[in-house]
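Q: These protein sequences, in sequence, are chains A and B. Using this note's numbering, you'd call the opening residue of the first sequence number 11 and step up by one each time. Using this note's numbering, you'd call the opening residue of the second sequence number 883 and step up by one each time.
Source of the hints: derived by calculation from the structure; they are not laboratory data. All C-beta atoms, glycine included, are put in the ideal place defined by N, C-alpha and C. Honestly, I wouldn't trust all of these hints.
[Unchecked claim] Simulated restraints, written as ranges between beta carbons of each label pair:
hint, chain 1, residue 1, chain 2, residue 2, range
1, B, His1081, A, Arg182, 55 to 63 Å
2, A, Asp179, B, Ala1089, 26 to 34 Å
3, A, Arg134, B, Arg905, 30 to 38 Å
4, B, Pro1083, A, Ile88, 20 to 28 Å
5, A, Asp179, B, Gly910, 19 to 27 Å
6, B, Gln1060, A, Asp179, 28 to 36 Å
7, B, Pro914, A, Asp179, 41 to 49 Å
8, B, Gly1028, A, Ala104, 30 to 38 Å
9, A, Leu98, B, Arg905, 25 to 33 Å
10, A, Ala104, B, Arg966, 54 to 62 Å
11, B, Ala1089, A, Thr87, 25 to 33 Å
[To be verified] Stretch-level coverage of chain A by chain B, calculated; a stretch enters the list once three of its residues show a Cβ under 8 Å from a Cβ in chain B:
hint, stretch
12, 24-33
13, 40-46
14, 159-172
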Amino acid sequence: MKHIDPQVHRVLDGELPAEVLTASQREQLAALTRAAEALSALPRASVAARVMTEVRRPPESAGRRVARWLTERHAVTISVRPIWSLALAVVLAAVAVIPGRGPGPILGDQEGIAQFVGRFPGARSVDVVGSFTDWQSGAVVLRDDEHDGIWRGTVVLPVGQHEYMFVVDGERWVTDPLAGRYVDDGFGRQNALLFVRPIVR
Amino acid sequence: MNLRCGILLVLTAAAPLAAQGPRQRLAGHVPPATLAVLDSIVQDAAGAGLPTEPLIQKALEGGAKGEAPARIVSAVAASAAQLRSARALLTSAGESPPSDPREVSAVAAALSRGVSPQLVGSLSAALPGEPTGPALHAVADLVGHGFAEDSSVELMVEGARLGLRGLRFLDVAAAAVQELQRGRSHSAALASVRVLLPHLPAPPRAAPAAVSRARRVQPSHERP
């Protein structure tokens, strides 16, 4: 801030005539006189008047308050024990890594779902082999996830008629006792007969 | 340019699969000594306009089950004869040749389940222009559970008259069998199902969780 020259100060107070001032002191006097005129031109408002103006302002609507809250910056502090954050990280990683939990296959109009279930306690493997696998093993492998001897599997197959058998431990051909519909296989055994329907959407 | 390259690649990859004849599909899966005979049975069937896929499947099945060469040839020949009978029955029932291969296969399978040939005519008349295979299998289901064949056919004809089509006939048989398992007599079971026609319960749908785990099965000859 610039200090007012004492001589200029005395001229402003009326103690001295302006003629005693130097050129630079006169410039400062002129600037101060202009500033004083500008201030005197402003409307006079008291502190009380300004407070009352704020008080009388209509309240902000809830929507505007929410919008302002959403758009303004806020400091958010979450306090979590490290053990819980570690557990959350493990769960997220498991969800990302575990296979077969996705949305599943997209079925065409001429495709349906077939579910196979067989009770084979002590079996090491159970395959479903049939016309939909060209009678080759390995395409439909059942699983015993519960280790209770019940082997299960779900597959997408073309709509229509299919024949199949279970192959237990890679060598024993077994007719599905739950199929309910059978046809002679021409080799002295019975194939289960399966009709796959289109999925109703 | 990229699209053209993609199409070309797909066609190049698909060409060998499309060109796979019966001999190529059977080679390595059946005893070598049977290859020529099986190929000739399949070629004869193709020449006669019969579906050949059931014959190839029967040969593959025999090979997978470790059957003797003579038994495999015999089973495939029997299948060819059955397809011929099925096609002849469909033609005599008024279906104009060439018959739908799936329909011929379904009728042949129903005949091998013991359905009498006369039924093909009865059900074809009740279902003009529609596949009769599912209705025939439904009759076979009922006969397999001790229902009289003529009563079973009447039930299917009634279902057809009320608008049932396709695999819904299997639901008719399933409903009758369920009534039987509840302790009703055969005639009472048929009567109670007849009352429900054509609004029979459909089989339960697969649970979404099971569907999400389902894997698409590709027969070995369609695998790249």
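Q: For each hint, tell me whether it holds in the structure or not.
A: Each hint tested on the structure:
Distance hint check: the CB atoms of His1081/B and Arg182/A are about 43 Å apart, inconsistent with the given range 55 to 63 Å. The beta-carbon spacing between Asp179/A and Ala1089/B, approximately 29 Å, falls within the hinted interval of 26 to 34 Å. A hinted range of 30 to 38 Å holds for the C-beta pair Arg134/A and Arg905/B, which are about 35 Å apart. Roughly 52 Å separates the CB atoms of Pro1083/B and Ile88/A, a value that falls outside the hinted 20 to 28 Å.
The hinted window of 19 to 27 Å between Asp179/A and Gly910/B holds, with their beta carbons roughly 23 Å apart. Checked against the given bound of 28 to 36 Å, the beta carbons of Gln1060/B and Asp179/A, roughly 34 Å apart, stay inside it. At roughly 27 Å, the beta carbons of Pro914/B and Asp179/A sit outside the given window of 41 to 49 Å. Remark: the range hint 30 to 38 Å for Gly1028/B to Ala104/A is contradicted by a beta-carbon distance near 53 Å.
Between Leu98/A and Arg905/B the beta carbon distance is about 60 Å. The supplied range of 25 to 33 Å is therefore violated. For the pair Ala104/A and Arg966/B, the beta carbons lie near 58 Å from each other, so the given range of 54 to 62 Å is met. The given range of 25 to 33 Å is broken by Ala1089/B and Thr87/A, whose C-beta atoms sit roughly 44 Å from each other. Check result for the stretch 24-33 of chain A against chain B: violated, 0 residues qualifying (beta carbon to beta carbon below 8 Å, three or more required).
Chain B is given as covering the stretch 40-46 of chain A, and this is violated because 0 residues of the stretch bring a CB closer than 8 Å to a CB of that chain, at least three being needed. Counting residues of the stretch 159-172 of chain A whose C-beta lies closer than 8 Å to any C-beta of chain B gives 6; at least three are required, and the coverage claim holds.
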